[in-house]
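Protein chains in written order, with this note's numbering: chain A, 1 to 423; chain B, 1 to 475; chain C, 1 to 750.
Source of the hints: derived by calculation from the structure; they are not laboratory data.
Check each hint, because a few of them may be wrong.
Just some of the chain A residues that point at chain C, by a computed CB distance under 8 Å [to be verified]:
# : residue
1 : Val-16
2 : Tyr-91
3 : Gly-356
4 : Phe-360
5 : Gly-361
6 : Pro-363
7 : Asp-379
Computed footprint of chain A on chain B; a stretch qualifies when at least three of its residues, placed anywhere within it, have a C-beta under 8 Å from a C-beta of chain A [said to hold, decoys possible]:
#  : stretch
8  : 301-310
9  : 339-348
10 : 356-368
In this text, all values refer to a predicted model and were calculated from it rather than measured experimentally.
Backbone N, C-alpha and C define an ideal beta-carbon position, used for all residues, glycine too.
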Amino acid sequence: MSAEPNPVLNLPAIEVLTSKLRRRQVVGSRPAALETLILLRQVVAKARFSNIEQLVEIIRTVGRRLVQAQPKEHSVGNTVRKVLHHIREEYNTATKGTSAAPSTTSFSISKFISQGQPKRQNTGSGPNHHPQAMMKATSTWVNHVPAPPQDGRRASVQINRKEDVQQEEEDDDDSTDGEGSSAGPSTTTGQDPDAFAKGLKPVLMEAIQDVLDELETVYDTVSKNAKDHVHSDEIILTLGMSRTVEAFLKAAAHHRNFTVIVAETGPSYSGHAMAASLSASSISTILVPDSSIYALMSRVNKVFLGAHAILANGGAFATTGTLLAATAARTHSTPVVICAGQFKLTPKWNLYHEYGGLDFGDPGDVLGFEEGLLTDGVDVVNPHYDYLAPELIDAFITNDGDHPPSSIYRLIKETYDDEDNDL
Amino acid sequence: MPVATNPTPDVADNEGHDPAGGQRDQPPLKSQKQMTKAERRELQEKQRAAKAQGKAHNAGGGGQAASSSRAAASSSSGTGPSSGAGRPRPAGPAAGPSYSAASRPSAAAASAAEDADNKHRGPRIFSHFGLTRQVAVNPKQGIMIHPAIQRLALQFSEFKITGANARCIATLTALKSVIEDYATPPHSTLSRHLMAHLSPQITHLVAARPMSVTMGNAIRQLKLEISNSDIDLPEQDAKDALCQTIDNYLRDRIFVADEVICALAGKKISDGDVILTYARSSIVEKVLLHAHSEGKNFSVIIVDSRPMLEGKSLLRTLTSLTSKTPNPIQCTYLLLPALPSVITEVTTAFLGAHSLHSNGAVYSRAGTALVAMLAKGHNVPVVVCCETYKFAEGVQLDGFTRNELAPQPLPSSSQFPLSKPRSSLVLQSTPKLALLNPLYDLTPPRNITAVVTEVGLVPPSSISSIPLAMGRQTV
Amino acid sequence: MAPRSSASTTKEKLIGGEDEVLQAIILADSFNKRFKPLTTRKPRCLLPICNAPLLEWTFESLALAGVKEIFVVCRSHSGQVKAAIAESKWSKPGSGIKITTILTAKETYSPGDAMRDVYTRGLVTSDFVLVAGDLVSNVRIDEVVRVHKERRKTNKDAIMTMVVKESGVNHRTRSKGDSAVFVLDAETSECLHYEPVDGHPKKSTVQIPREILAEHPELEIRNDLIDCCIDVCSAEVPSLFQDNFDYLDLRRDFVHGVLTSDLLMKNIHCYVLKEGYAARVKDTKSYDAISKDILSRWTFPLVPDDNHPSGHVYEHLRGNKYIAKGDTVTLSRTCKIGNNTLIGSSTQVYDNAIITGSVIGRHCVIGNGTVIRGSYVFDGTVIGPNCVIEQSIIGAGVSIKEKSTVMKGCLLGDGVMVGPGAKIEAFERLSVKPGMEVQMDVEEDSEDEDEDKGDDDSEEEVEEDGLTEDDTELDSDIEEVEKIQDTLKAKLVLGRDSNALVWPRGPILDDDEEDAEGPDNFTNQRLVRLADNCSDLADSDSDNDSDASTDSNSDSDEIPIEAGGASLLLSQPQTEFKREVKLSLDRAFEEGHSVDNAAVELKTLRMASNVPLVHVRTGVVAAIVDRIPIVEGNPGEQRQAIGKMIGRWGELINRIGGIDGVETVTVLQAQCASSKRVALFGPILVALYQQDIVDEDDIRGWHELPVSQGVGALLSEAEELKRCWTVGSRMIEQFDEQESSEEDDDEDSE
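Modelling step: build the complete structure from the supplied sequences, incorporating the hints.
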């Protein structure tokens, strides 16, 4: 593997994404995660490998490059880890399946795939319908095609796989003729390594697709039992613009009638956008400056906050101002709840002591560049994040249930494989 | 004390509804069911009027919401007596179904009803905050408002003059000129009539902007002086005496006091310190400049926040005044949310105060409490600089029982930096969206290490003893 | 996260999606010598700022804007530029950018020439971005391009959009040396007038053509803009340069030319940046300012710890300290690293060294107890123990021996060796003596081995041409410097084994600098010089004025020609024009052309060297006045002579393309006053009046003007002007008291 660098590694898309990350053209944990996933899907689609280790190695190298490009977007690394985790799982189940099963096969597969066809209409559009069809196929394949790999059967299996793989690849907007070169010869010379890849790819595609689906539906899943957390006539404090919290509160508003106090966190003042969108969906909203958080806290019942990354120690990185709000809430012993998708779980815990981790931004947001004289001798500080210690947090509401900070480590352990913790 | 009594229509509206306010869902229903068409129309007109005036004085969110709430409130309270008659009337059942139907067609009425609803549910708990009002040029017929007072009132309402000290000084000087121009009418003594003459002036000021504690104390002191000024004294002498006392008050309680505080607080600054301060307090500014003039070598972190963004002016003064000197003060400027990233470097936090309560709580510019909290949390000593004449009697539990809202639109100093297109950020308050800019908050004594007064450094716990020590009547 | 980049991804796609690729041209050569001697052996665009060559910053800036194809136009040291590009990350596959180096001819002496070259090569096909090779910016230029394209759709004549950044007038990044006043139309933000402002001599007045004020209801006259020199040009811009071969500078000639000319009806717009950062490293002062801006993160996300153009990785520490990651840096326990400092990889800092507000390159060594304040040390420099270095730029591979002091504002060229115990005065400029490089060389081939020490990006492969031509140029400088060595050497201690060549202080060189631009007079140099606060230049003293006006096409010296109250700038091209006018008129008089022909001739003449109308008028009046024979002692004949002349040629004054009586009279007055024909002013005026070339109101109008009383004129002319004015006033009186026949009128006015 390391002998000759895998052709997939100089995929232009990788370079594009890394530079986008470096230039902050992809910002926010969810967009970053999405982009990463889409990239990984391409990579897997085009990668050539003869065993699972190679594939893992490829993905890790890509992941490493992405993470190095923008270490502050933790969700990138997380996504890579999650994909690796899923791939391993799928691989294990698949191989287990193949290891133990009767041999009445290639025929039935094609049949199942053709049965898969009608599914394609009703399962939604976009790249995700093939894999679902595939899921049908593969699951059945796991039951019915369980023979130890012998060439004849493998070949036939591989045919079906190939067409699906190609369909999958055609779905990738970015996948071009380059894919033809990688897939084309492999089929003509149907030797083992490619065969293995071909055999496995659809499963992996499905695995990645699962992650993608989870990511796309994360807001709904997070806010599915919002109404249990918000009650009528409560006063909720939130801060800045967090899509998760926004969705959460809106979901709660279907059942409950409450008031939200939104603190605009300078210098981004994203709270304004939040307030606008909440009030638009007829939640009675109050927009306040950051300075009045303490004064109002005595009347607030709960504090709902978004997060940028959840650390293994139960702490979190979140927009600046969060720490102030959380501390104020703590002094008034108001519960602090963090709503975040699972893709923000980061298997690191010691990020808080590196100063740069707060990701300092452009002072121009704080003190206009045009105030020439003022800016000259003056240092202007404009961090993007606060580090929130676990003891300031009462609960995390994620898309798989609610957790106390103390049990985050366990969640991380079952979400990722330990060997991926540093890519 | 005059500060606590802050008569706004909304307080009245509160009292009007608190019995009913027990369970919150009722008031809106009530206020809508009971509206006969006529009332709704009337309300509608009120609404329009309110909107119009709101635009006229380009009062943004706060003003409008307030006035509309006032309208709604008065209307619903007005419906009180007529409600009994309202039900049996055939319009009653008609009104029932039309509750949903009628509110649709007449948009203004609907919005008004909704507005009232919203005001009753959410911000209702804030409704007692002082609201910014326009100054009535001459409030009551007959009473002459002294031009100096009128000018001052305008300056207050436009936040041209802000800060406890500045406002107190301005008020006293204005009152001085009032007294100088005052002539006792025949067969009435100065000590009695002057009071009566001053009180409308003062109420005019209060109408412009709620009175600050400092003003309250000073005025009370003045009234005291007036009341026990000698009756037989010739008028001119009496007036001179009063002016003299005013000057003395200014000198002793503010100017000299500040110098003493500078000296005391200066001791707490040593070379290489990193001083943290929030927004802009005149006295803290003096302390820093004084320490710098003593050749101390320290850097300052200025924390700032909307709505007022006063820290900028402090930054401007510090940089402009010290940049030419051999050891310019190295300043760091940041917004409140960024505070945690620098708090660990800070050696001391100096904060100003609007007033100081006898339990040691400091009532000051909104955000001070957060700074104090965080500083205390990181074991940074929090020093509050405050003259004794800012002491307020009574105990306040949180920054909520009394507060004041920033004017709408905000003073130009507090605009957002130009670097971003801020057009998206100037939200107008809609029925569902209220903009609330409290000006003050209350820092609990536990977050304060010491208070620097002209009588020395005192722990917040023993603030209450100071008035006694100085002799009761002086506060 | 950074709010700036929120919507950018979509925009990126939009740009990417466009069918024709966005092209950019980088003028890699700065056609001046402000960075000498740092730039003797290395092009300016390869000078590192925050340890990355300027060119890389420029590439990054363009890449941000989704530029797909870049042409780098370079002249001197082109070999190095090529090499640098070749091994930078941009020429790797997947960078998504196609970079082509264009080698212009040796005799390209100005951006204008470069543009002509661009035209002849036919590089650009569509709208393109034109930047200088020393740009640092995080601006979304693609947005500007979009706006430009939009505008083009409606208005074909909008050929160019200049990007300017809003900043305070006294912002550190705003060059005091040569800034400019932009006159913009408030709503279309069309640039109506461009007036370069030299820091010295102090310029207090800006002249705005009347017609602008007439045509545009609302104007913005702005002196608070940083000119980022990012121009979005349409394809015909190079051709314009081709047509007007005399355009040299992009701004002073091209923009000014296009705006003033009234035959090529093109207009130029401005894009005023509120958001984002963009600035040019024009000179050592802006080098300092921009380094500071980068270190204090104004250029976010283009900051050392996030998106360093040449891919170094730095760790961001409290107080904006940046230390290269991967513990190659050795910091002694006792050394002090102050705020806003950047330290490159595998640099060693020994005990008690103090470094504040500085940038230290890679592979540097800072000795014990050395103090470095506000300085910029390039790669591979060794600074011995107990040295003091203040606000200077130390080139690559320099070695400063122990106990040396470098005062503020010094520039030490690559490979210089000074010390031990050297004392280098403020604003000295040192470079390596030819043939005295560290490794001695046989023939004067200092080029490539200087680079081995210097910018350690391997640039051995320098092409022959790039080398020789540089040497020729280099030698010329070196020689003229060497001539005066001993005189210079006298006053400073360089230490024993120094190989330094002391460069003369500013003026000596700048005077015989053949291609000195407007702002390149010495006092301006001082304004743009590192660490020079120019406190002594606060009030512009007159002798400096004189040497300011010595250099060619500097239009900053004012010769008061009174025209409608606005004193006009008159300088070489215009005097040139005056001569032309005179010649053509003489011809006309000799050969007795018809007035029309003469008028046409003048018009074309004016078009050719586009000058404001008033100059033509001046010329004409001058010519006419000069031709009037002076008849001694006989007023009558004199009057006839005048009458004849005016009768024949007078109307020409109003035929040259614009009628402005007031101006005519003013010009006439000035003319008479300056020549010895003062006496004739009255009669001529009368004659003009009779011919209806000027009417009563004009004379009154002129009479109102303060300038016509000689206000603000040179002393020599003042009283002459006054005389004319009194004559005029008498005439006015005449008008006033009785509207009688002109005869007796001019009786008295004699």
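These are the hints, each one checked on the structure:
1. Val-16: OK, holds: A:Val-16 within 8 Å of chain C, min 7 Å.
2. Tyr-91: Where the cut-off is 8 Å and the nearest Cβ of chain C is about 30 Å from A:Tyr-91, the hint is violated.
3. Gly-356: At about 4 Å, which falls below the 8 Å cut-off, the nearest Cβ of chain C leaves the hint on A:Gly-356 intact, so it holds.
4. Phe-360: Holds. Min distance 6 Å.
5. Gly-361: Holds, because the Cβ-Cβ distance from A:Gly-361 to chain C comes to roughly 5 Å (cut-off 8 Å).
6. Pro-363: 6 Å, holds
7. Asp-379: With a closest approach of 7 Å, the A:Asp-379 hint holds.
8. 301-310: holds (count 3)
9. 339-348: holds (count 4)
10. 356-368: holds (count 3)
Of the numbered hints stated above, the single one contradicted by the structure is hint 2.
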